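Take the sequences, apply the hints, and build the full model.
There are 4 protein chains.
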Amino acid sequence: MGKQVFKGIIPPMITPLSDIDKLDVAGLERLVEHILAGGVHGLFILGTTGEAQSLSYALRQELIERVCRQVAGRVPVLVGITDTSLTESLTLAEKACQCGAAAVVSAAPYYYAPAQAELVDFYSALADRLPLPMFLYNMPSHVKVMMEPDTVEAIARHPNVIGLKDSSANLVYYHTLIQRMKKRPDFSLLMGPEELTGESVLMGGHGGVNGGANMFPRLYVDMYEAAASADIPRLRKLQERIMAISTTVYKVGRYGSSYLKGVKCTCSLLGICSDEMALPYRKFNAPEREKLRRILESLEVEVVNP
Amino acid sequence: MGKQVFKGIIPPMITPLSDIDKLDVAGLERLVEHILAGGVHGLFILGTTGEAQSLSYALRQELIERVCRQVAGRVPVLVGITDTSLTESLTLAEKACQCGAAAVVSAAPYYYAPAQAELVDFYSALADRLPLPMFLYNMPSHVKVMMEPDTVEAIARHPNVIGLKDSSANLVYYHTLIQRMKKRPDFSLLMGPEELTGESVLMGGHGGVNGGANMFPRLYVDMYEAAASADIPRLRKLQERIMAISTTVYKVGRYGSSYLKGVKCTCSLLGICSDEMALPYRKFNAPEREKLRRILESLEVEVVNP
Amino acid sequence: MGKQVFKGIIPPMITPLSDIDKLDVAGLERLVEHILAGGVHGLFILGTTGEAQSLSYALRQELIERVCRQVAGRVPVLVGITDTSLTESLTLAEKACQCGAAAVVSAAPYYYAPAQAELVDFYSALADRLPLPMFLYNMPSHVKVMMEPDTVEAIARHPNVIGLKDSSANLVYYHTLIQRMKKRPDFSLLMGPEELTGESVLMGGHGGVNGGANMFPRLYVDMYEAAASADIPRLRKLQERIMAISTTVYKVGRYGSSYLKGVKCTCSLLGICSDEMALPYRKFNAPEREKLRRILESLEVEVVNP
Amino acid sequence: MGKQVFKGIIPPMITPLSDIDKLDVAGLERLVEHILAGGVHGLFILGTTGEAQSLSYALRQELIERVCRQVAGRVPVLVGITDTSLTESLTLAEKACQCGAAAVVSAAPYYYAPAQAELVDFYSALADRLPLPMFLYNMPSHVKVMMEPDTVEAIARHPNVIGLKDSSANLVYYHTLIQRMKKRPDFSLLMGPEELTGESVLMGGHGGVNGGANMFPRLYVDMYEAAASADIPRLRKLQERIMAISTTVYKVGRYGSSYLKGVKCTCSLLGICSDEMALPYRKFNAPEREKLRRILESLEVEVVNP
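Protein chains in written order, with my numbering: chain G, 2 to 307; chain A, 2 to 307; chain Z, 2 to 307; chain B, 2 to 307.
Certain hints may be false.
The list treats identical chains as one, so a pair stands whether inside a single copy or across any two.
[What the hints assert, rightly or not] In silico EDC-like links for lysine to aspartate or glutamate, alpha-carbon gap of 16 Å or less:
id : residue 1 : residue 2
1  : K23       : E66
2  : K8        : D25
3  : K284      : D122
4  : K238      : E277
None of these hints come from the bench; they were simulated from the model. Since this is a predicted model, take the numbers as computed values, not measurements.
Here it is, written out as C-alpha cells:
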C-alpha cells in the first residue's frame with residue numbers, strides 16, 4: 002500500500018467489552034456503524050481510548066479482524082501496535098496487514114523511559130520491519146517522554162513513517178512540528194485532544210483523533226469541516242458545543258480515568274454498547290451513571306438506556 | 002481605578018541590566034520607546050521574562066518608578082508582584098499604585114507547592130489587601146502547581162481579580178477557562194506563549210503577553226489584529242513568521258534559559274539595550290551571539306550591534 | 002505452595018541475549034551458575050533488570066522454563082509477571098507455576114497511571130486468580146505511581162500477597178512500610194537499590210533484589226550477612242566497595258540505561274555471557290566498553306574478555 | 002570564623018507567629034530554650050520548616066537578631082538565606098554575620114529551574130561574596146532541581162562551602178555524596194528527613210536537620226548518639242519511636258503541608274508557642290487539633306494546652 006495523507010476525523014474507538022477481557026460483539030458492531038454514519042474519515046482501534054494495553058493479545062487480534070471485516074474499506078482503519086516489545090508490536094502489525102488495515106500507530110515503548118536517541122533506534126528498527134505505514138504517537142503523559150521535534154524529524158526520514166498523532170495538548174510543540182514538517186507535504190499531523198482540533202486544523206494541522214467522536218461523530222466531523230474551510234463563526238459555535246461536552250461529560254468521575262469512563266458510559270446510555278472496562282478501570286457506579294444521564298439531558302442528548 | 006477589560010498585546014518586558022543587579026538606564030529608556038512604537042496595548046514589567054525573581058527589591062522598585070514615569074499613561078502598565086511572602090507582594094503593589102500602574106500580576110507563591118485550597122486562601126488574602134486590580138498568572142512549570150479551573154473561578158469572585166495570564170501552553174486548560182468565564186465578560190484571559198496567541202484570540206481569548214514583542218512589537222500586534230478580526234490568510238502568514246522566530250531565535254543556547262537569553266541578546270544585537278543577565282543566568286558567549294546574529298540575518302532582521 | 006518469608010539476596014537476573022529477541026543459552030547457563038555460586042538466597046527473573054518488558058512472550062516463557070529447570074530447587078525462583086494486561090500476567094504466572102517457581106512479582110500496570118483505588122482493584126483481581134504467591138513491586142520511576150502505604154496495606158490483606166520489593170530509593174517510604182507491616186511477620190520487605198540494602202536490613206528489612214549481584218554475587222551476600230548480624234565495621238567496609246561499583250560501573254553511558262548496560266557489559270567482560278540488549282537499548286560501543294574495562298581494572302576485577 | 006565540621010542534631014526551627022507576619026516573641030523564647038534543653042548541637046533558623054519564604058524580610062531580620070542574642074553562643078546558629086535574588090541572599094547573610102551566626106544555608110534559587118552549570122555559577126558568585134561559611138541545601142521537591150554530585154563537588158571546591166543538607170530522601174544520592182566527599186573530611190553531610198538520620202549517621206553521615214526536634218529534641222539527640230556509637234539495639238528502639246511520630250503526627254492534615262502543621266500544632270499543644278502560620282498555610286482547625294491531641298495521648302505525650 003502506498004502512502005496517503007490522512008486527513009479529517011479518525012476516532013480512537015473505545016473497545017466494547019462484555020467482561021474484563023471479552024468483546025461485546027453486538028455492541029461493537031453497533032458502535033462501528035454509529036461512528037461511520039457520522040461521516041468520519043477513518044477509524045483508529047487499539048489506542049489509549051481503546052484500552053489496548055489492558056487487553057489480552059488474543060482479544061486485540063480478534064478486534065482487528067472483526068473491525069476490518071465490518072468496515073470493509075469504507076474508511077481506512079488504523080491499528081494501534083504500541084508495545085514495549087518490538088516482536089509483539091510486529092505481530093500485531095502483521096495481523097493488521099492481513100486484515101486490510103491502512104496503517105499502524107505506535108507510541109514509544111512505555112516501561113523504560115527511553116532517551117531521544119533510543120527512540121530513534123527503536124522506531125527505526127520497527128519501521129524497517131513493518132508491513133504497513135506507521136504513525137508516530139506522542140503521548141508523554143503515558144510514556145513519560147516527549148518525542149522531541151529533532152527526534153520526529155529523524156524518524157520521519159524513514160519512508161514507512163507517514164504521520165504523527167500528538168496527544169501532549171502542548172500546541173507550542175504542535176506548531177513547531179507544523180513548521181518543521183512543511184517540507185514534507187505527505188506527512189500527516191493529527192491532534193489528539195478534541196478541544197484543540199479546530200484551531201490546529203485552522204493553523205495547518207490535518208485532523209483529529211478525537212474520543213468524543215465515539216459518542217457524537219457528526220459533531221467532530223462538522224467541526225473539522227468548519228476549520229478546514231476557515232468558517233470561523235461556525236467553528237466557534239461548534240467549539241462551544243465541544244467544550245460543553247468536555248467540561249461536563251468527562252468530569253463525572255475522579256481520577257485520570259474520568260474521560261474514558263465518561264465516553265464509555267455515554268455510549269451505554271445511548272444504547273450503543275456495554276460500558277464494561279478492562280482493569281485497572283471499572284465502569285461508573287450507579288450514582289455516577291445517573292449524574293452523567295442528567296448531564297446528557299442538560300445537553301439535550303436523548304438517553305435511551307438510562 | 003475601576004475595572005477594565007485588558008485586550009491586545011501586553012509585552013512582558015525584559016529588564017535591561019548593566020550588571021547583575023543594576024539597571025541599564027539608557028537601554029531601558031530605548032526599550033520602552035521601541036516597544037510602545039510597535040502599537041502595543043499595555044506593558045507588563047517584572048514578570049518571568051523580566052527576571053523579576055532574580056532582582057533585588059530595590060531594583061524592582063526603581064524599575065516600577067522609571068517605567069511608569071516614562072510610559073506616562075500612554076498605555077496601561079502592569080506590574081508583577083509575584084512573591085512567596087504576602088507582605089513583600091503588597092509592598093511592590095503599593096509602589097506600583099503610587100507610580101500609577103494600572104494593575105498587578107501575581108503567580109502563585111512558588112517555594113512550597115500549595116494545594117488548590119491554599120491557593121484560594123493566599124489569593125483571597127492578597128486581593129483583600131491590594132490597592133490595584135490583579136491578574137492571576139498560571140505558570141505551572143515555575144510554581145509547580147496548575148491553578149485549576151475551580152480554583153480560578155473561586156478566586157475570580159473577588160472584585161479585585163480581573164483576569165488571568167496563562168503560560169501553561171495547555172490549550173485544553175485555556176478553552177476550559179474561556180468556557181467557564183463566559184459569564185464574566187469583564188474577565189480578561191491572556192495567553193503567555195506567543196506561538197498560541199493568534200488561535201487563542203480567534204477562539205475567544207483577549208490577547209497575549211508575548212516575549213517576542215520586546216524585539217518585534219509590531220509583528221505581534223499585527224498578529225493580534227488579524228486574529229481579532231478573523232483574517233485567517235493574514236493570521237497564517239504572520240504565524241509562520243512567529244514560528245520562524247520561535248524555532249530559531251529561542252533555540253541557540255542549551256537549557257530552559259534559551260528563550261530568555263535569545264530575546265535579550267537579540268535586543269542587544271538590535272542596538273536597543275545590554276544583554277547582561279541576573280544570576281543564575283549569564284548572557285550568551287561570543288559563539289552563541291554570533292550564531293544568533295546569523296539567524297537574525299537569515300530572518301532578514303537588520304543587526305546594528307553585531 | 003505455602004507462604005514463606007523471603008530473606009536475603011535475590012538477584013534480579015539480566016537476560017543474556019544473542020540477538021534482540023533471542024536467548025544466549027550458553028551464557029544464560031553460565032550466568033545462573035555464577036550467581037548461585039555466590040550463595041544467593043533466591044533468583045528473580047523477568048524484572049526491570051531482566052529487560053522483561055522489551056522481550057517477546059515466547060522468549061519470556063522459554064526463559065522461565067530454562068531457569069527453573071537449571072536451578073532445580075537449589076534456591077527459590079521468583080518470576081516477574083508485570084504487565085498492563087491481567088490476562089497476560091496470568092499466562093506468565095501459570096507458566097511459572099508449572100515450571101516450579103516459588104512466587105511471582107508484579108509492578109503496577111504501567112501504561113495508564115492508575116489511582117490508588119485502581120491499584121487495589123487491579124491487584125485484588127490478580128491475587129484472586131494467581132496460582133502462586135505474589136510480591137508487590139513498587140517502581141514509581143517506571144510505572145508513574147507510588148504504591149502508597151495505605152494501598153499496600155489494603156492489598157496485603159489478600160493471603161496470596163507475601164511481600165514487596167521497593168525500588169523507589171525513598172527510605173522514608175520504606176521505613177513507613179516496616180512500621181506498618183510489623184503486625185505481619187510473614188510479609189517480606191525487599192530493597193531494590195543495592196546501595197541501600199545494608200542499612201535497610203539493619204533497620205528491619207528482609208533483604209535485597211540487587212542488580213550488582215549478577216556480577217559479584219558474593220559481595221552482596223556478604224553485605225546482607227554483615228547487616229543481618231549487625232556487624233557494623235564489616236558492613237561499612239562492604240558498603241564502601243558497593244559504592245565504588247555504583248559510582249563507576251553504572252556511570253559509563255549516558256541516559257537512564259547506564260546502570261543496566263553497565264551490568265550487562267561487565268558480565269560480558271567477565272566472560273559470563275553476551276551483552277546484547279533488547280531495543281530500545283543497545284549495548285555499549287567500543288569506547289564505552291574500553292572505559293568500563295579500565296574501571297574494572299581499577300577496582301581490581303579480573304577481566305577475561307576485554 | 003574558621004571552618005568547623007558540623008555534627009549532630011541541628012533542628013530546623015519553626016517560626017512562632019502571633020499573626021500572618023508577626024513573631025510570637027514569648028513563644029519564640031520558650032521554643033529556643035525547649036530545643037536547647039534537649040542537648041542539640043546547633044540551631045537552624047529560616048529553613049523550609051521555618052516558613053522562611055513566606056515571611057517578610059523585616060521579620061526574618063528580627064528573627065535572626067532575637068535568636069542569635071538568646072542563644073548567645075551556647076550552640077552554633079545556622080541561618081537560611083535561600084532566595085531567588087543574590088542581593089537579598091547577601092543582605093540576610095550580612096545580618097546573620099553581624100548577629101554572630103556560625104554559618105548560612107542556601108537552597109538553589111527556586112523560581113527558574115536552573116541547569117546544573119547555572120547552579121555552579123550562582124553558588125560560586127554567592128560564595129565569593131559571603132561573610133560566613135555556607136551549607137548547600139539539596140531540596141528538589143521545592144526548587145525543582147537535584148543538585149547532582151558533580152555539581153556539589155564543583156561548588157564544594159570553594160573554601161566558603163562547608164557542607165550540604167540533603168532533603169531529597171534519596172539515600173542512593175546521599176551515599177554517592179559520602180563516597181565522593183571522603184577526601185574532604187571537613188565537609189559536613191547532614192540529613193533532612195529524621196526518619197533517615199540514624200542510618201545515615203551509621204553509614205558515614207554527620208547528623209540531621211530534623212523537624213521533629215522542635216517538639217522532642219532529646220529523642221533525636223539520643224538517636225544521633227546511638228547511631229554515632231553504633232549502638233544498634235538502642236538505635237532500633239529509638240527509630241521505632243521516631244517512626245511512630247512520623248506516621249501519625251505528620252499525617253493529620255491533607256496536602257503536603259501536613260508535616261509542618263503537625264509540628265507547629267504539637268508545639269502549641271505542648272504549651273510552647275502559637276501555631277499560627279504564614280500564608281499560603283493555615284493552622285489546623287479544631288477537629289484536626291483534637292485529632293492530633295488524641296494521637297499525642299496515644300504516644301504518651303503530655304498535652305498541657307489542649
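The hints, checked one at a time:
{"no.": "1", "hint": "K23 / E66", "verdict": "within (14 Å within a copy, 29 Å between copies)"}
{"no.": "2", "hint": "K8 / D25", "verdict": "neither (29 Å within a copy, 46 Å between copies)"}
{"no.": "3", "hint": "K284 / D122", "verdict": "between (38 Å within a copy, 12 Å between copies)"}
{"no.": "4", "hint": "K238 / E277", "verdict": "neither (33 Å within a copy, 48 Å between copies)"}
Hint check: violations occur at hints 2 and 4; the rest are consistent with the structure.
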